[in-house]
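With chain A held as given, fit chain B onto it using these hints.
What follows is each chain in one-letter form.
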Amino acid sequence: MSMTTILQHCLTGISLGGAYALIAIGYTLVYGILRLINFAHGDIFMMAGYFMIFAMASFPWPVAIVITIVVTTVMGVGIERMAYKPLRKSPRMSIMISAISVSYLLQNLSTYLFTAIPRGYPEIPFLKRIFQIGELSASFVTVLTPVLTLILVVLLMILVNKTKTGIAMRAVSKDFETAKLMGININGIVSVTFAIGSLLAAVGSILYFTDRMSVTPFSGTLPGLKCFVAAVFGGIGNIPGAVLGGFFIGIVETLLVALGYSTFSDAFTFLLLIVMLLVRPTGLFGEKTVEKV
Amino acid sequence: MSLLEIHDLKVCYGGIVALNGISFGVNEHEIVTLIGANGAGKSTTLRAIMGLIPITSGTILYNGERLHGLDTQKIVEKGIVLVPEGRRVFPNLTTLENLKLGAYLQDKKTVEPNLKRVYELFPRLKERHWQQAGTLSGGEQQMLAVGRALMANPKLIMMDEPSLGLAPLVVKEIFSIIKKINEDGVTVLLIEQNANVALKTANHGYVLETGTISMTGTGRELLENEAIRVAYLGKTR
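Residue numbers (my numbering), protein chains in the order written: chain A, 15 to 307; chain B, 3 to 239.
The set of hints was computed from the structure by calculation and includes no laboratory data.
A couple of the hints might just be wrong.
In silico negatives: residues of chain B with every beta carbon more than 10 Å from chain A [as the list claims (entries may be wrong)]:
#: 1; residue: N22
#: 2; residue: V78
#: 3; residue: T112
#: 4; residue: R119
#: 5; residue: L123
#: 6; residue: G141
#: 7; residue: L171
#: 8; residue: I179
#: 9; residue: K182
#: 10; residue: G187
#: 11; residue: T203
#: 12; residue: L235
Derived contacts from chain A toward chain B, CB cut-off under 8 Å, selection only [claimed, not checked]:
#: 13; residue: A182
#: 14; residue: R184
#: 15; residue: A185
#: 16; residue: D189
Computed list of lysine-lysine pairs in BS3-like fashion (alpha-carbon distance at most 25 Å, straight line) [as the list claims (entries may be wrong)]:
#: 17; chain 1: A; residue 1: K176; chain 2: B; residue 2: K111
#: 18; chain 1: A; residue 1: K178; chain 2: B; residue 2: K111
#: 19; chain 1: A; residue 1: K178; chain 2: B; residue 2: K181
#: 20; chain 1: B; residue 1: K110; chain 2: A; residue 2: K178
#: 21; chain 1: A; residue 1: K178; chain 2: B; residue 2: K76
#: 22; chain 1: B; residue 1: K110; chain 2: B; residue 2: K157
#: 23; chain 1: B; residue 1: K118; chain 2: A; residue 2: K178
#: 24; chain 1: A; residue 1: K176; chain 2: B; residue 2: K102
#: 25; chain 1: B; residue 1: K102; chain 2: A; residue 2: K188
#: 26; chain 1: B; residue 1: K76; chain 2: A; residue 2: K188
#: 27; chain 1: B; residue 1: K76; chain 2: A; residue 2: K99
#: 28; chain 1: B; residue 1: K110; chain 2: A; residue 2: K103
#: 29; chain 1: B; residue 1: K12; chain 2: A; residue 2: K178
#: 30; chain 1: B; residue 1: K12; chain 2: A; residue 2: K176
Being a predicted model, the structure only gives us computed values, none of them experimental.
We put the beta carbon where it would ideally sit given N, CA and C, even for glycine.
Looking at chain A on its own, in the form it has when it is part of the complex (with noise of 0.2 Å):
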């Protein structure tokens, strides 16, 4: 293989890194705070990508992305509010299995209302545009998933670690009950969270099928699960290894699918998985939870 192939392969990996990197930071941050593996994500993601296909049909592209962004926030939040919030005082398991549900129920939803048949996603013309670097060449949203990628990051760190409501998702996210006797409203930051989790998941999801041209109502699966091991690999509840994880299967993916492997792609991510789990089940950057008698 030449090198310009190895770099132009490393792009994609890297694009699609970028846009997984989003996801799993969905996963990481309700981890976090609820302790809660939020198994919809991946189908808020494709319904993400359903919005966008029907904003783009009667609106102009801008306000479409806006649409979409706003749509699927709002849906975010929403299920929280009717499938998570009436079980926080449940057990842990009976959450997850509501998650599980409302998994399921998104996915026939949306096999009922668009037919499984895969929907064309529409072109956002500059994204589109054809760049070329050298030899390499690539699409604009290639070169711009990365970027955008960081860019949310950064802000997002900058959220978490400077203002007030990052600080009360870092204290929620520790002891609930002392954070209500400083005043804080555990809804109100319950809510914030599902909400940028669900504002990253949208803008990954026009990133993502924008290069892939096509929307099932499954098409939420494989990456959600793919996030969900990057968000573990990173160490769950950790942001930056949630991004790091994310680039980290984005790229190995991509390269292995170049090299001729491409049936056993998806199969390492989930290798990745076992292996994490049995050698450091905290991930990369997790905190071991000492307890403390």
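Chain B in isolation, oriented as in the chain A frame:
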């Protein structure tokens, strides 16, 4: 009329009666203490006042307004804060961030002067303002928990076992600061197993025994009471 009035408060966890109809009052500007052994229902009382647990029956009045049934957030807004048992500082946040969270519902303008005041009371916290609260010593964490509560401009500050697990010298320091806070006009409701130091500090005391109030009096009266000396102050007959 007392600042805080509790009438016939009953709290049950499942089938277990934790508080079986207690009544007491806390007058403004006083230090009032509830003493009692483990499991007497002291923490339950404070948690019920803060709205952290639902009450079964009875009333909790603050300035004549009912408190029970309100969200914790609304109760904090009224100027009531709890320094919880075991300090419960946020270990993943810095000292300064913990203090700022104490002022979560407060006007931004009050943060700086309050911070200055807390640093005056606890110079150690200023030195360690950048440090993760989880790495502070037990005494420093207790100071942080009290400081964090003061950031909320409280009118009534409730403390759940502030002496727990601290060295005697540190206990002395904490209690002298509780007195100082009280002299600044903040009403204090104190819960203690360390009856000796609590009764010496308090204007008024109540003795809680398995969900009922068994005795009441001024701090001095209770300190000199024979039964209390035997039960709580380690006097041998």
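*asked:* Just to be careful, I want the Cα atoms of A/K178 and B/K76 compared with a cutoff of 25 Å; is the pair within it?
replied: Roughly 19 Å separates the two Cα atoms, so the pair holds.
| Can we trust that B/T112 is non-interface, i.e. its beta-carbon lies farther than 10 Å from all of chain A? | For B/T112, whose nearest Cβ neighbour in chain A is about 14 Å away, the distance exceeds 10 Å, so it holds.
What's the verdict on B/K110 and A/K178, does the C-alpha distance respect the 25 Å limit or exceed it? Holds: B/K110 and A/K178 sit about 11 Å apart, inside 25 Å.
Query raised in the report: Is B/K76 within 25 Å of A/K99, Cα to Cα?
Result: 20 Å, holds
Beyond 10 Å from every Cβ of chain A: is that where the Cβ of B/L235 lies?
28 Å, holds
Checklist entry - Per the stated criterion, does the least C-beta distance between B/N22 and chain A lie above 10 Å, as a non-interface residue requires? => result B/N22 clear of chain A: closest Cβ-Cβ about 24 Å, beyond 10 Å.
Practice prompt. Please settle this one: B/R119 was flagged as non-interface, so is its CB more than 10 Å from every CB on chain A?
Written response: 18 Å, holds
Does A/R184 meet its interface restraint, that is, does its C-beta lie within less than 8 Å of any C-beta in chain B?
This interface hint holds because 6 Å falls under the 8 Å limit.
* Just double-check B/G141 for me: nearest Cβ-Cβ distance to chain A has to come out over 10 Å. => With a cut-off of 10 Å, B/G141 remains clear of chain A, as the shortest Cβ separation is near 17 Å.
For A/K176 and B/K102, compute the direct alpha-carbon distance and say whether it is at most 25 Å. 12 Å, holds
query = Are B/K12 and A/K178 close enough, with their CA atoms no more than 25 Å apart?
reply = 37 Å, violated
- Message: Hinted pair, alpha-carbon criterion (25 Å max): A/K176, B/K111. Please report holds or violated.
- Response: 18 Å, holds
Checked against the numbered hints above, the structure breaks hints 2, 19, 28, 29 and 30 and satisfies the rest.
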